[in-house]
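Take these sequences, add in the hints, and give me the full structure.
These protein sequences, in sequence, are chains A and B.
The numbering of the first sequence is the working numbering, which starts it at 1 and goes up by one.
The numbering of the second sequence is the working numbering, which starts it at 1 and goes up by one.
FYI, nobody ran anything at the bench for these hints, they're computed from the structure.
Check each hint, because a few of them may be wrong.
Said to hold, decoys possible - The calculated lysine-lysine pairs, modelled on BS3-like cross-linking and capped at a C-alpha distance of 30 angstroms, are:
hint : chain 1 : residue 1 : chain 2 : residue 2
1    : B       : K243      : A       : K68
2    : A       : K68       : B       : K60
3    : B       : K134      : B       : K300
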Amino acid sequence: MSANDWPLWEVFVRPRRGLSHGHVGSLHAPDATMALRNARDLYTRRQEGVSIWVVPATEITASSPDEKDAFFDPAADKVYRHPTFYEVPEGTQHL
Amino acid sequence: MYGNDIPDLLGEVDAAETALREAAARDTGATHGEVAYFDAVIQADQKVEPRDWMPDSYRKTLIRQIAQHAHSEIIGMQPEGNWISRAPSLKRKAILLAKVQDEAGHGLYLYAAAETLGVSRDELVDLLLAGRQKYSSIFNYPTLTWADVGAIGWLVDGAAIVNQVPLCRCSYGPYARAMIRICKEESFHQRQGFEILHTLSHGTEAQRAMAQDAVDRWWYPSLAMFGPPDADSTHSEQSMAWKIKRFSNDELRQRFVDMCVQQAGVLGLTLPDPDLRWDEERQAHDYTQPDYDELMRVIKGDGPCNRQRMAHRRRAHDEGAWVREAAAAYAKKKESLNRNSGRGPLTSAAAPVPRGELP
Chain A
1 MSANDWPLWE VFVRPRRGLS HGHVGSLHAP DATMALRNAR DLYTRRQEGV SIWVVPATEI
61 TASSPDEKDA FFDPAADKVY RHPTFYEVPE GTQHL
Chain B
1 MYGNDIPDLL GEVDAAETAL REAAARDTGA THGEVAYFDA VIQADQKVEP RDWMPDSYRK
61 TLIRQIAQHA HSEIIGMQPE GNWISRAPSL KRKAILLAKV QDEAGHGLYL YAAAETLGVS
121 RDELVDLLLA GRQKYSSIFN YPTLTWADVG AIGWLVDGAA IVNQVPLCRC SYGPYARAMI
181 RICKEESFHQ RQGFEILHTL SHGTEAQRAM AQDAVDRWWY PSLAMFGPPD ADSTHSEQSM
241 AWKIKRFSND ELRQRFVDMC VQQAGVLGLT LPDPDLRWDE ERQAHDYTQP DYDELMRVIK
301 GDGPCNRQRM AHRRRAHDEG AWVREAAAAY AKKKESLNRN SGRGPLTSAA APVPRGELP
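Structural data, given as structure tokens:
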């Protein structure tokens with residue numbers, strides 16, 4: 001690894017206790033320790049987070065936008081997964 | 001369109017963020033086919049994301065614009081960095097340090113956004129160092145006195161914000177999100193500059209004169225930051241159609257002038273334009289245009305500080321090489337030690353997390 005090909009890391013920050021980590025951006029760093037420190041300096045200069053994850057970008061497998069339709073279509077015709085699909089008889093309570 | 005009623009800039013950044021979420025929930029009505037899909041996303045004010053299909057020229061335009069923007073943040077550290085060691089108090093010094101550190105951060109957000117378009121940061125840095133990509137002409141002017149730090153904050157960052165707030169609505173997702181973040185941070189920059197000038201203009205006669213001199217020197221270069229007049233602007237029309245750009249150079253420049261007139265009044269300083277006056281019919285100020293021949297000269301490399309800025313950046317890049325090499329060598333050594341001993345990385349700060357125990 002030369003100085004010019006530091007790997008890319010994706011950065012996720014948990015803004016506050018109780019919220020999930022969200023993706024905030026990326027950065028280059030030679031290793032995980034430096035990636036964490038750089039992420040702190042780059043993405044939490046104003047106390048934006050209480051926890052940071054860094055993940056090598058090459059370790060992320062993503063679905064392809066080209067296959068978006070085929071990939072997510074199976075969920076489209078299952079309206080019966082939503083409670084509003086069902087008719088509730090008049091007068092029913094606590095359902 | 002702006003006239004007298006200038007909405008609060010930070011409010012506009014928030015509105016852009018809300019609009020981004022609302023647009024995301026809309027149905028684009030996109031039909032099949034990548035071109036139709038791209039057009040429908042732009043039409044619906046939604047965001048194009050890195051792995052979506054996009055026209056080559058859209059990609060190229062964005063790379064050029066985002067890179068130039070990133071370079072400007074990095075080179076822009078120099079004029080103010082010049083005054084860190086000579087700031088008039090510890091408080092001013094701490095504030096200026098934080099501001100210059102923000103500029104570095106903004107440069108990195110933007111390089112990261114550019115990289116999502118398939119170009120590497122190292123390539124972009126090399127293009128800057130080779131003089132093949134530009135940065136904003138404004139940073140080729142010198143900071144002669146402490147008051148210049150105030151004038152940069154008020155006028156240069158002020159102009160940058162007027163330019164950048166509409167970019168929070170740019171059609172390319174990573175750029176729009178980076179700009180939202182940047183604009184929120186920039187507003188402190190503009191206020192600290194305004195405060196420096198306000199303190200000076202209400203101080204001794206010499207301090208007031210120093211503030212006025214700085215405003216005299218930075219006013220026209222700040223107006224030139226919006227680029228050539230619309231009639232001569234080469235990139236504008238297509239960028240507007242793609243919703244990369246939302247307003248023309250002249251519209252933004254007018255908006256900036258209208259904003260500054262009121263603020264100059266509060267500062268008790270004069271904008272160096274004898275022809276500056278309110279035009280009742282247009283509901284905007286008439287003003288003298290900056291010298292666009294000078295702008296072209298500075299862009300082409302012949303401003304007061306072009307050579308100094310580039311020489312300094314190249315030197316800093318070269319002198320930092322050993323740090324980059326040492327970090328890379330350390331990472332490599334640690335990796336091979338771990339491989340030989342069959343253990344994972346040893347540092348506690350960045351230990352891999354056991355399955356199911358993400359913190």
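Status of each hint after checking the structure:
1. Only pairs whose Cα atoms come within 30 angstroms are accepted, and K243(B) paired with K68(A) is accepted, the gap being roughly 24 angstroms.
2. A distance of roughly 25 angstroms separates the Cα atoms of K68(A) and K60(B); the hinted pair therefore holds under the 30 angstroms criterion.
3. Taking the CA atoms of K134(B) and K300(B), the gap is near 9 angstroms; set against the 30 angstroms cutoff, the hint holds.
Every hint, counting from the list given before, is met by this structure.
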